[in-house]
Amino acid sequence: MEPILNIHQISKHYGRITAIQDLSLKVGAGSVFGILGPNGSGKTTTLAIITGVISPDNGTYQWYGKSASAAIRKKIGSLIEVPNFYPYLDLARNLTLVARIKGKPVEDIERVLKLTNLWYRKKSRFDTLSLGMKQRLALSAVLLGDPDVLVLDEPANGLDPEGIAEVREIIKGEAEKQKTIILASHILDEVEKVCTHVAVLKKGKSIAQGRVHELLAADDPVVVECDESEKLKSSLIRTGMSASIEKDGNKLVIVLKSGYGARDVNEFAHQQGIVLTHLETRKKSLESQFLELIKQ
Amino acid sequence: MKSIILNEYTKIWSYMAFRVIILLHFILFFLVVLVTSRLDITIPGFSTDYLYQFPNIWEFFPWVASWFNLLLAILIILMTGNEYTFRTFRQHVIDGLSRFDLLTGKVFLIIAIAVYSMLMVLLFSLLFGFVFTRDMTAGLFVKKTYILLVYFVQAVAYMSTGFLLAILFRNTALAIVLFILYRLIIEPVFRLFFPPEARLYFPMKVISNLTPMPEFLSISSGNKADPGNVDTLNLREMGILAEDLPVYLNLLLALGYTALFIGLAWLLLRRRNL
Chain A
1 MEPILNIHQI
11 SKHYGRITAI
21 QDLSLKVGAG
31 SVFGILGPNG
41 SGKTTTLAII
51 TGVISPDNGT
61 YQWYGKSASA
71 AIRKKIGSLI
81 EVPNFYPYLD
91 LARNLTLVAR
101 IKGKPVEDIE
111 RVLKLTNLWY
121 RKKSRFDTLS
131 LGMKQRLALS
141 AVLLGDPDVL
151 VLDEPANGLD
161 PEGIAEVREI
171 IKGEAEKQKT
181 IILASHILDE
191 VEKVCTHVAV
201 LKKGKSIAQG
211 RVHELLAADD
221 PVVVECDESE
231 KLKSSLIRTG
241 MSASIEKDGN
251 KLVIVLKSGY
261 GARDVNEFAH
271 QQGIVLTHLE
281 TRKKSLESQF
291 LELIKQ
Chain B
1 MKSIILNEYT
11 KIWSYMAFRV
21 IILLHFILFF
31 LVVLVTSRLD
41 ITIPGFSTDY
51 LYQFPNIWEF
61 FPWVASWFNL
71 LLAILIILMT
81 GNEYTFRTFR
91 QHVIDGLSRF
101 DLLTGKVFLI
111 IAIAVYSMLM
121 VLLFSLLFGF
131 VFTRDMTAGL
141 FVKKTYILLV
151 YFVQAVAYMS
161 TGFLLAILFR
171 NTALAIVLFI
181 LYRLIIEPVF
191 RLFFPPEARL
201 YFPMKVISNL
211 TPMPEFLSIS
221 SGNKADPGNV
231 DTLNLREMGI
241 LAEDLPVYLN
251 LLLALGYTAL
261 FIGLAWLLLR
271 RRNL
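Same order as they appear, the protein sequences are chains A and B.
Heads up, the first sequence is in the numbering used here, so the first residue is 1 and it goes up one at a time.
Heads up, the second sequence is in the numbering used here, so the first residue is 1 and it goes up one at a time.
No lab work stands behind these hints, which were simulated from the structure alone.
These numbers come from a predicted model, not from an experiment.
Each residue gets a CB set at the ideal place from its N, CA and C atoms; glycine is no exception.
Treat the hints with caution; some may be incorrect.
What the hints assert, rightly or not - Listed next, the stretches of chain B that the computed footprint assigns to chain A, with coverage defined by at least 3 CB atoms under 8 Å from CB atoms of chain A: (1) 25-36; (2) 96-105; (3) 133-141; (4) 165-175.
To be verified - DSS-like, lysine-lysine: derived pairs with alpha carbons at most 30 Å apart: (5) B:LYS144 - A:LYS66; (6) B:LYS144 - A:LYS114; (7) A:LYS172 - A:LYS231; (8) A:LYS193 - A:LYS74; (9) A:LYS203 - A:LYS231; (10) B:LYS144 - A:LYS122; (11) A:LYS172 - A:LYS251; (12) A:LYS26 - A:LYS104; (13) A:LYS123 - A:LYS202; (14) A:LYS283 - A:LYS66; (15) B:LYS2 - A:LYS74; (16) A:LYS295 - A:LYS205; (17) A:LYS231 - A:LYS26; (18) A:LYS123 - B:LYS2; (19) A:LYS179 - A:LYS202; (20) A:LYS123 - A:LYS66; (21) A:LYS75 - B:LYS144; (22) A:LYS231 - A:LYS177; (23) A:LYS283 - A:LYS257; (24) A:LYS114 - A:LYS172; (25) B:LYS2 - A:LYS104.
To be verified - Ranges of calculated distance between the beta carbons of each label pair, as one might list FRET restraints: (26) A:SER24 - B:LEU264: 31 to 39 Å; (27) A:GLU107 - B:ARG38: 23 to 31 Å; (28) A:GLU107 - B:PHE108: 51 to 59 Å; (29) B:VAL20 - A:GLN178: 18 to 26 Å; (30) A:GLU107 - B:THR85: 50 to 58 Å; (31) B:LEU24 - A:GLY15: 52 to 60 Å; (32) A:GLU230 - B:ASN273: 53 to 61 Å; (33) B:SER3 - A:TYR14: 52 to 60 Å; (34) B:ASN273 - A:LEU115: 30 to 38 Å; (35) A:GLU246 - B:THR85: 30 to 38 Å.
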């Protein structure tokens with residue numbers, strides 16, 4: 001299937017600083033694609049390029065298999081960095097400008113403002129809103145006209161816990177409608193809950209990408225407990241089955257090499273005459289996986 | 001296109017600074033022409049009333065209005081600078097406008113403000129002209145009305161200069177200061193290094209010469225600007241004022257500079273990150 005977004009080998013430099021280096025990504029239709037990375041990893045630059053505000057130095061990107069254009073951007077709801085609105089205009093007028101640009105009905109403003117709980121403030125000037133409210137207004141603008149693709153850069157920025165939960169629910173709701181969502185976020189727990197695919201950026205390069213469950217399944221450690229843990233440890237090292245083994249109290253935390261699983265450990269222990277009293281595959285959180293990738 | 005125009009309209013009419021500057025522009029012009037009309041200069045053979053009669057008023061009012069073009073240029077700098085300050089140019093592109101649409105919106109705004117200013121001059125010219133002109137004829141009324149269009153081009157040219165500076169510096173205060181400095185100091189000083197005939201081709205000179213200072217002595221002495229009248233007091237012929245380029249050439253040059261400034265603004269908008 002043709003991807004909704006195809007980024008091919010884009011690079012962007014700011015003077016001597018490399019913001020992005022040969023980045024390639026493919027975002028399929030209906031997927032929720034998380035872009036992760038520490039500060040300065042190139043997340044926002046990537047999103048700014050695909051939304052047309054920054055030109056890449058090299059490489060290309062296509063939306064719906066076509067070169068990017070203003071007409072295509074009208075079909076995409078995007079929130080990049082901070083909400084940008086006219087401070088002296090009220091909420092309804094600010095959204096009217098967006099609706100006109102996107103060619104969407106002005107009547108939709110009521111729906112999106114109600115969705116983000118801002119309808120009661122529709123006549124308030126933008127500069128009278130709190131940071132969280134501004135972020136919610138930006139989300140209203142993104143949802144205006146019910147676009148098929150959403151590009152969200154830190155959508156929960158500045159929101160209180162209740163606001164974060166609201167945003168998560170909105171994103172989940174949009175994902176359930178089979179919309180394509182590209183999401184950059186620092187809140188890895190959110191990404192893990194919402195995203196189907198993820199790419200991890202570091203210093204402008206993609207260091208890992210794929211389906212979230214595949215990425216998390218890779219290197220899942222096997223945890224065992226037995227009376228002869230030292231014997232098991234040395235035996236495993238000799239066979240070359242394990243990539244690393246660490247002791248965690250009475251337990252051994254074994255990271256297996258590719259192609260081996262918990263079943264292999266169990267069989268190997270049985271062959272060695274070692275009785276395992278505990279065997280589990282410990283699921284890594286996206287956060288721990290992310291931190292490991294970033295450390296490498 | 002309609003949505004771009006409607007959006008510009010929404011932006012300006014809700015913006016207090018815009019309304020204040022337009023009101024100030026209107027009131028200042030009205031006050032100057034009103035106060036000047038009430039001046040009682042008692043020099044035998046001279047009367048300021050002649051300035052308010054057709055066709056002299058078509059020269060006099062656009063010249064007075066040209067003093068306030070600075071306000072119009074500041075207005076455009078403000079409206080364009082705001083787009084950078086609020087990062088709304090960036091947001092508009094994200095939302096689906098092309099960079100050419102950004103340019104189109106501001107060019108529309110420049111034209112709209114120039115039309116307003118021209119209509120203001122027309123309105124007051126008609127009001128004062130009909131009050132002060134005694135021996136009214138169609139020929140007198142129509143003569144020199146083209147200066148209104150020349151004034152329109154001048155206003156557009158001034159605002160285009162301001163627009164370019166706002167796009168170039170992306171900072172309202174800096175663009176306003178540099179516009180004023182360039183107009184009042186930098187270009188006049190720079191012109192001094194060139195021979196007199198070359199000085200007439202500099203942008204601010206070309207633009208300001210579109211509505212040259214009327215020949216007050218000649219007009220107020222009762223000469224109705226008949227170039228064939230050898231008895232007139234003509235300051236240019238007397239060598240007191242420098243010779244200007246012909247109006248058509250000035251007009252062409254001003255249009256050329258306007259196109260150049262807008263073209264440069266377009267290049268900057270297209271090439272730079274928002």
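Hints that the structure is at odds with (numbers, increasing): The structure conflicts with hints 1, 3, 4, 5, 6, 7, 9, 10, 11, 13, 14, 17, 20, 21, 22, 27, 28, 29, 30, 31, 33 and 35, although it agrees with all the remaining ones.
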